[in-house]
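Engineer: Next come the chains, spelled out residue by residue.
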Amino acid sequence: MHIVDRRLNPSGKNLANRQRFMRRAKSQIRKAVHESAGSRSIKDADEGGEVVLPAQGVHEPSFRRSSSGGIRDHLLPGNKEYIAGDTIQRPPSGGGGSGSEGSPDGEGEDDFRFALSRDEFVDLFLEDLELPDLAKRRVVNAEAMVYHRAGYSVSGSPANLALNRTVRNSLSRRIALRRPKPEEIQALKDELEALAPEDEGKRIALQEELARKQRRTGVIPYIDPLDVRYRRFESHPKPVAQAVMFCLMDVSGSMTEHMKDLAKRFYVLLYIFLKRRYKNVEVVFIRHTHQASEVDEETFFNSPETGGTVVSTALEEMQRVIEERYSPDNWNIYAAQASDGDNTASDNDKTAALLTKVLLPCCQYYAYLEVGRDSEHFPPGFIRRDSDLWQTYSTIIRNGAPMAMRKVGHRRDIYPVFRELFAKKTGAEAAAE
Amino acid sequence: MSSTLIRAERPLFEGCDWEFGTIQRCYDAIEKVALGEMGLDIYTNQIEVIGTEQMLDAYSSIGMPLFYKHWSFGKHFSRNEAMYRAGMQGLAYEIVINSNPCISYIMEENTAMMQTLVMAHAAFGHNHFFKNNYLFQQWTDANGILDYLEFAKDYIMQCEERYGEAQVERLLDAAHALMSHAVHKYPRKRTADLRSEEKRERERREHDEKVFNDLWRTVPGKESTRQDPTAAEKRKALLELPQENILYFMEKTAPRLAPWQREVLRIVRIIAQYFYPQSQTKVMNEGCATYTHYTIMNSLHEKGLLTDGAMVEFLSSHTNVVFQPEFDDRRYSGLNPYALGFAMMQDIERICKAPTAEDQQWFPHIAGCNDHMNVLRDVWANYRDESFILQYLSPKLVRHFGLFHVMDDASEPNLRVEAIHDERGYRKIKQALAKHYDVSWTSADIQVVDVNLAGDRRLILHHRALNRVLLEEKDTRMVLQHLADLWGYDVLMKEIDPSTESVLKEHAASPRPGIVQIEPAS
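In order, the protein sequences belong to chains A and B. 40 is the number that my numbering gives to position 40 of the first sequence; each next residue is one higher, with no gaps. 102 is the number that my numbering gives to position 102 of the second sequence; each next residue is one higher, with no gaps.
Treat the hints loosely; a few may be bogus.
Here are some of the chain A residues that sit facing chain B, going by a computed Cβ distance under 8 Å [unchecked claim]:
#, residue
1, Asn14
2, Leu75
3, Ile88
4, Ala115
5, Ser117
6, Arg118
7, Pro225
8, Leu226
9, Tyr230
Dumping the calculated BS3-like pairs for lysine-lysine here, alpha-carbon to alpha-carbon at most 25 Å [to be verified]:
#, chain 1, residue 1, chain 2, residue 2
10, A, Lys80, B, Lys396
11, B, Lys435, A, Lys80
12, B, Lys189, B, Lys69
13, A, Lys80, B, Lys474
14, B, Lys428, B, Lys474
Please keep in mind that the hints were generated in silico from the structure rather than gathered at the bench. Quick reminder that beta carbons are idealized off the backbone N, C-alpha and C, glycines included.
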């Protein structure tokens, strides 16, 4: 009998099978991922998690007998009252009291649920998307140094001793200087002992030879400091790209819960996306009515505010935060603004000026999301007046700023809109820019 | 027996912790009981300690330590993993593989008692059954299976490299869909070699010479009524039709498959065949293993090798395993093979040791023979579930389980109780239950009946719909599609009522391009 401890065997034997399965069910998994993303908070949006697939897509068929029709018999344990010849009311479909056989292969036709790892989740989530203008990656603080092997050196710490190389050097030196091998000396000694006492001449010759070799062994060391080599490492600064994401939102009375929900979903997407590209992503929440302030996530989404709508206050606040904490030299700055489009008429020019002159130059990308009411479905042919902000921003975009804007009225539109904003540019489009 | 018993100084272990020394000690003690007292005959054991993830791995490859790659295994793995993580499903305590040496996986989370239990159960109970049961001897090659799987894995990997993963995946999908109808249920006739042919001829001649009587020549006989076989009959004979092993037929006959595709079908078919005995011996296999562990654990306890605490833990786990909910219980999901198997084994022991008048009448050949191990070993070697139940289900057990037989005819408004556990019912129930474990009764009877290779090459299959139970429509369509893809031409399946030979339903499928090149219809 053998006992084998297999616990330390490499795990993940099924990784390849799992990947194949994921590839096969890709379209369904993708759909499930997008649906599940909506219900998460921003910060844990990119954790892995359970997704549910409809069973049909990954079904493995086989010849099976159907579970209804025909004549069938059942043998059941636990008879209490029946005697032969009794009739029993047919239980409602599904078996129940009589012969709940279950499906023959032991698998129900329930939905298929399984867990995705974080990487798998994000991969699927952000397939075919790319961030615009990734160019401004800066090297920040010296913590991010990585060491690479870079040959050998003659000095170093004992922990880095390159044993192979050292012994190799020592060996070649010993061969070159003809250091006598221990076996040679031993052979001489043996010969000397075995020598007949009368052979005086040869004894002296041998003794001299032995003395010479022993001296040589003493002079030429086995390992010389010259032989010693250490593994050398060179440090390279590793570019750590970091990004900050500004979430700007109008929280004035005209923004309904529904609109906020839409905005939140968009922020979640953006956060996951940035997180994917940058190791270090910070999020700044700025809400505004007729005045703006930086708040935490909880307050941002949940506490109601009242007041007018002056968009430029939020932009000013953003400018202040950038100047204080996020120097454009060191940070990739992304901003997403959500609003219902209202703005005090007199503020539009100021907003435009702030954006074009101050903010857009230091931003990688600025996305404006105009959220509408779900019920706002206008009959075809009805031309809706564009909102104040929309008109203002349109003029800015026309001048070729790194900015995009979209309108969203329903949850289901969020993801397509997001994809549209960040879709990988095809060759022709990219060349045209 | 207890008078001669020497009580051990110390139990094998105390508490629930174990280390490899403990396992070795327990194994040795179990071995003494199993080989000495029970007279089991086993393959060499190899016990492997594994963790959770490895157990999940093993689940998805039907317990085998190595397997080829396919998405469906990933699917099972993902589901099991999710269920396990969510706490909806526990993992098995062990998995045992019918190979030589016999590999048993035991979980690292098990307590010391549990390790003892699973070793007695798997490494001795199942092991003995694998080595001695005639079905396993006939259909599986315990010495070669691991090497074969190794070959299969490498072969399929090479195919993927050479022909692309997509190609191989499509082929395996089709093969897996047909896997349930990829076994030979009876040993095939071997084609005779020259030597045996000559021997037979010689014997026949000798026989003729011995019984020769010239008188027979003068007796007027009937005109020969035998006709030459028709072309269709010749064709069928040549293709060995009808054929119920569909994958075998595809491998040998499908006109457009490449050699490597035939080899892949063969691999799937051989693996299906390897697992075929297991599906026919669930009750016996588990009954044998459960009876073995129960006997061994009790024997260890009597000897003082198990503490009372461990024994209580064992009994609690054992009763869970052999629990049989009644039909109106929410937990009921069919007869529990552990419960039925264990009860029957114990019942045989009882009949051997202390038979009642009823037993004397029902089992005259074993009642009171007082050598129950001999009887049990014989049973384990020479029966499968169906024949075992037919032979050994005693009236006492029918009463014990309160078994009753219900007929469900879809054309009638009510169910009818056919038989219960009374004098008139025992035999009926025994026969009906045995039939439930007969594979030719439980799996759909589907055969390839005809194909005209010289004509349109349309493959015709028949499903003989036992009791007019038809096939699941959606699944059947999908499987037929796979079959057509393999075959490369149209496929037609007729569902036939065997009592009237009338066709109840037809399904047809045409091949899609992918596995084989499809000729454009001319």
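Engineer: Hints the structure violates: just list their numbers, smallest first.
Structural biologist: 5, 6, 7, 8, 9, 12, 13 and 14
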